[in-house]
Structures are given as C-alpha cells and as structure tokens.
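Here's the letter readout for the chains.
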Amino acid sequence: MTSSSKAIAACALLMVVCIGALSYWSEVRNDRDRGWVTRTLHVVEKLQALRIDITQCETGQRGYMLTGQDRYLELYRAGVDQVRQDMKELPDLTADNPREREAIKQLDPLIASRLAELNEGILVRKESGLLAGVEAVTRANNGERWMGQIAAQIGEMRDTEAGLLSSRLETAAASTRKIKVVIALGNTLAILILLIKYFVIQREIGKRNLAEASLKLSNEQLVRRTAELSETNIELESFAYSVAHDLRAPLRHIAGYSGVVVQDYGPRLDAEGLRFLGKITHSAKQMGRLVDDLLSLSQIGRQELSFEDTPLDVPLSQAMEDVAPEWAGRKVEWQVGELFRAECDSGLLKQVFVNLLSNAVKYTRKQEHAVIEVGQTRQNGERVVFVRDNGVGFEMQHAGKLFGVFQRLHKALDFEGTGVGLATVQRIIRRHGGRIWAEAELGRGATFFFTLSSPENKPREPAEVPLKEKKEKEEEMHVARS
Amino acid sequence: MSHEVEILLVEDSAEDAELTIRALRRNNLANEIHVSTDGVEALDFLFCRGVHADRTFTHPPRLVLLDLKLPKVDGLEVLRAIRADERTKAIPVVVLTLSKQHKDLVAGYNLGVSAYVQKPVDFEQFSEAVRQIGMFWMLINQPPPSSAFTASRTRGA
Chain A
1 MTSSSKAIAA CALLMVVCIG ALSYWSEVRN DRDRGWVTRT LHVVEKLQAL RIDITQCETG
61 QRGYMLTGQD RYLELYRAGV DQVRQDMKEL PDLTADNPRE REAIKQLDPL IASRLAELNE
121 GILVRKESGL LAGVEAVTRA NNGERWMGQI AAQIGEMRDT EAGLLSSRLE TAAASTRKIK
181 VVIALGNTLA ILILLIKYFV IQREIGKRNL AEASLKLSNE QLVRRTAELS ETNIELESFA
241 YSVAHDLRAP LRHIAGYSGV VVQDYGPRLD AEGLRFLGKI THSAKQMGRL VDDLLSLSQI
301 GRQELSFEDT PLDVPLSQAM EDVAPEWAGR KVEWQVGELF RAECDSGLLK QVFVNLLSNA
361 VKYTRKQEHA VIEVGQTRQN GERVVFVRDN GVGFEMQHAG KLFGVFQRLH KALDFEGTGV
421 GLATVQRIIR RHGGRIWAEA ELGRGATFFF TLSSPENKPR EPAEVPLKEK KEKEEEMHVA
481 RS
Chain B
1 MSHEVEILLV EDSAEDAELT IRALRRNNLA NEIHVSTDGV EALDFLFCRG VHADRTFTHP
61 PRLVLLDLKL PKVDGLEVLR AIRADERTKA IPVVVLTLSK QHKDLVAGYN LGVSAYVQKP
121 VDFEQFSEAV RQIGMFWMLI NQPPPSSAFT ASRTRGA
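Taken in order, these protein sequences are the chains called A and B.
Going by the working numbering, the first residue of the first sequence is number 1, and it counts up by one from there.
Going by the working numbering, the first residue of the second sequence is number 1, and it counts up by one from there.
Please keep in mind that the hints were generated in silico from the structure rather than gathered at the bench.
All values derive from a computational prediction rather than experimental measurement.
Honestly, I wouldn't trust all of these hints.
[Unchecked claim] Below, a list of computed lysine to aspartate or glutamate pairs in the DMTMM-like style, where the Cα atoms sit at most 20 Å apart: (1) K279/A <-> D122/B; (2) K69/B <-> D246/A; (3) K100/B <-> E237/A; (4) K100/B <-> D292/A; (5) K285/A <-> E6/B; (6) K285/A <-> D122/B; (7) K285/A <-> E128/B; (8) K103/B <-> D246/A; (9) K100/B <-> E212/A; (10) K279/A <-> D54/B; (11) K285/A <-> E124/B.
Start from the sequences and build out the full structure, keeping to the hints where you can.
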C-alpha cells in the first residue's frame, strides 16, 4: 500500500470511529432528555392530581357543610390524605430542580393554610350546625383567595414545567436532528472515502497486474531466448567437433597416399617431384594439427570442469616437462617464481601453461640468450600470473587480434603455428572467470598476463548442457554427413 | 588352404581399406584379405549366404577387422550377429574405427569385442597400429581351433 492509500484508510477508519462515538453520545443524550421529559410529565401529572385532590377536599368539605352527611366528610378526608400524599411526592419528583422545589416550598404553606381553614369549617359545622357553618364559609372569603393563590401557583408550576418540557423537547429534537445530519454526512463521507480507496486499490492492482504480465512476458522471452542460444551453442560446438572429426580421415589418406607414392615410386621421381610430394604431406600434417587444435578448442566448451584448490606450480611444472623437448639443445634461461593457489581445473591450466611456454620457447628461437620468466604479481588488487620472454615480440597495435581463432601475428614462414592455441587458452581462462592479456614490444619480447577469479567472484557457468546431450547431437551430425 | 580368407576387413572407405591392406601386406601378415564394404555383405560372407552362398563354415577368417560406421547394417550390429551364433562366436573381432566415443566402447565390450582400436589420425601411426594388430592376431595369437565352432558339427544346447 502506498502512503496516500494508508492515509485514506486511516481517514475512513477515523470517520467510522467518530460516527460511532457520536451515535453513542447521541443515544446517551437522548436517554437523558427522555428522562427529563418523563420526569417533567410526572411533575405535571402530579400537579394536576394535586389540584384535583384539593378540589376534592373543597368539594367534600362543602358537601359536608351543606348536608352534614358523613360521606362528604369521608370524601374530604380522602382528599386531604391524597393531598398530603401528593405534597410528599412532589419534592421527590423535583429533587434535581431547585426552582421547582422553591415553588413547592411556597405552595406548601398555602395548601396547609387552606386545609386548616377547611378543617375549621368542618369543626364549626359539626359543632354549630348548618347555618353557623355557612356563615363561617361565607364570612371567610379567604377560601377563594387561597384557592386562587394555590391555583395560580400550581398553574405557574405547571406552565413552567410545560414550558420546560416543550423547550427540552425542542432542544432534544434539534440536537437529535443535528446529530442525525452529522451522522448522515459522516457516513456519506466515510462511504465516499471508502469508494475512493476502492478505486485507488483497483488502480494499484491494475498497475501491478500489468507489471506482472509484462514481467512474465519478458521472462518467457528470456527463457525462450536462452533456450535458443543454448541450442545454437550446442549445435555450433557439435558442428565444430563433428567437422574436426570428419576431417581427420581424409587427412590421413592424403598423407598416407603421399607416403605410399614416395615408398613405391620414390626412386622414379626427381628431386622436384619428391619435394612436391613433401609439400603435400607437410600440408596434410599442418591441417592435422589445425584440426586437433580446433577439436580441443571446441572441447573446452563442452567439457565439465572439475575445480580444485591447487597451487599453480603443479600444472606449471607438468607443462614445463611437456615443453622440454621443444627447447632441447638450446640455451634457455628459466626464471620461475612461486605461484599462488587457486580454484582451478589443473588439467586445463596445464594446457594454458603448455601453450604459453611453448609460444615463449618458439618466439625466442632467434635469441642467442633466451630468457623466459614465469611468476606472479599484483595488479589492481588482483593476483596475476605472467609469462615473459625476451623473444621477437609483436606490435601492440595488433594485440587485439592475438586471441582470435586463426589469427597470427607472424608469418608462417618465420614461426609455424595454427593460430588456435591462444584462442584455446583464452577460453580456458574465461571459463575460470579470469582475464588474459598481453604486452609486448617488437624485437624486445612479450609478456602474457592472466587472472583467475576468486571463488566468490566466479561467474555462474552459462547453462551447461549435459555432455551426453552434446555428444548425442554430434552423433546426429556425424551420421548425417556419412 | 592357401585360398582361405585369413582376414575379413569390414570397411566402407576404399582409401582406408587400401591403406590398411598395404600395411598388412608390406609386413607379410596376410595374403588373403577379403573386404566387405557394408554390414550386410559382411554378414553374408560370415554366414555363407547370399552372394557368398558358396562358402562353408569350416574355414572362418582368422581375424575380422571391423569398422563401426557402415552403411546398411552398422558395425555393432555385425558384431552382435557374430557373437550370437555358435558357428561364428569364436572368431576374433577387432574393432578399428574413427570413433573413441564412450558409448561405442561400452557397447563394443558388452557385445564381446576382442579388441578396440581407434584409427590414428597420423598415417605413420596408423600403419604402425595396423602392423601391430596384424602381428599380434596373425602371428602371436593362437586362433580358435575348428572345434571351437562346434555347431558346425553337432547341434549344441
């Protein structure tokens, strides 16, 4: 996920949490408001009841005053009890509202006074009879005044409550509305954000899929190309091997028949004739050497290397033994230093040394005092092996051709050779992950340097086709030819 | 007896055949040499059939020099046929071929070849190799007696 994606997700999450909190808070508020409303209704109801009960007292008392009947007295008494009950309950209902409590406190004495008055009236009636009672009632016009006050008080309280109730309902409704709007907006926003997020993700997925697809395509192409190259490689090497192989038989025949002619007809030929035949044989032999060199060059690519930690002195000394016959009878000064150890294929390294030493020996042939030096040095932190001679050397401007197949920097007349040797050497060195190069001066000598890679730096071998496969390929080509 | 074939040379290359025969003759190793240029004819010769129906099994060649790359039927098949039959099984067979391939060596020895020689590239070495082969198999080696080819007399198990 990109950081903007994360931000969007965080926003959405935050929004949802906020909405949740808001909803919860709104519920709590609602509950509280509902509580308020309920209580207010109760108070109003109670006040209403109080009025009725007081009225009942009045009615009971008046009835008794008029009729002196007990049932009116009972009505009155019941009313008084009710009123007392109501007055007890009211404070509880308004426990949290100080203003109301004040109002109730004011109401209390009024009611008490009125009840006292009523009671007095009853007593007078009881004792003094109807007329005295009526007189008492009409005389004390306080009744109306009390009642008026009480009614007014109750009315006021009721109004206050009613007002409170309606305003509370109003605020509750308003806040509920506000909250609803906020919630709705919040939800919409959250949904929008999620939608955006969805699209963003879709786009990312799309991009990624595209990238994956193109990667897969590239991969497939790569694999195919590698397979093609590998295939071509095998074919080329099999071809080279096959060619070299097939060329050997006719070569033998050429040299052979020339030899036969010399054997059987030699006496009958003159010197020129013999010389010509000699040339034929010589050329056939030269070609044989070339074929052998080519064959071993192509072998290098096909062989399996066996790397071992070897001191390079070992292949060097073996090579020197091999090369010894080539400078037999000459005066050659050898300066051989100690060489380092390396991970290498000893057999192939021997071939490298044989080649380089053989060249050194060959190209110093014209020197009176040939000096050949083999040793190690360091260049740019790498360990380098060198083979130096004081022979005929070559011009540095041609150095690029040195390692090409069939490339020769000297006339065949002066120095025989196939021009394949150095190409083979370069191949071997390359397969070891190393480099080979040369420095020389015409007439002063030449030095060949090479490195071998350290084990960590050894490049991975190009897809090695198993030897079996390559040989099978060769078979095909060989059979196809014959 | 002087017209009996001493060496059967199975070789499709006329030049190689000529050079081989020359090497053998020059060293007086054999007088009667028959050349078969393909596998079918070689088998006909050994099994006294086809163009060689007039031959008998009583006088098998003392040595078969066998090239592996032959047209029609290749060398290994010829070898297999020779070794599969009582009447020819004991004949010494020396493979003389260009190939030094591992699988040919394995197949050859598994089929019971008597010797396996790779033709040297160099003509002089080639002549020398032929001389040595001839020397050994014709002069030094004791050929199998005719009773070694028992099936020509009695029905073997």
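Quick one, are K100/B and E212/A close enough, alpha carbons at most 20 Å? violated (50 Å)
Take the C-alpha atoms of K285/A and D122/B, compute the straight-line distance between them, and say whether it is at most 20 Å. holds (8 Å)
Assess, step by step, whether the Cα of K285/A is no farther than 20 Å from the Cα of E124/B, and give holds or violated. Holds, at about 11 Å.
Assess, step by step, whether the Cα of K69/B is no farther than 20 Å from the Cα of D246/A, and give holds or violated. holds (12 Å)
Given the hinted pair K100/B and E237/A, is their Cα-Cα distance within 20 Å? Roughly 17 Å separates the two Cα atoms, so the pair holds.
Checking one constraint from the list: CA of K285/A to CA of E128/B, max 20 Å. Satisfied? holds (17 Å)
Given the hint that K279/A pairs with D54/B, test it: the Cα-Cα distance must not exceed 20 Å. Not OK: K279/A and D54/B at ~48 Å, beyond 20 Å, violated.
Taking 20 Å as the top limit, are the C-alpha atoms of K279/A and D122/B close enough? holds (16 Å)
Do the alpha carbons of K100/B and D292/A lie within 20 Å of each other, as the hint requires? Within the cut-off at roughly 14 Å; holds.
Given the hint that K285/A pairs with E6/B, test it: the Cα-Cα distance must not exceed 20 Å. violated (33 Å)
Do the alpha carbons of K103/B and D246/A lie within 20 Å of each other, as the hint requires? holds (18 Å)
Figure legend: structure checked against the earlier numbered hints; hints not met, in rising order: 5, 9 and 10.
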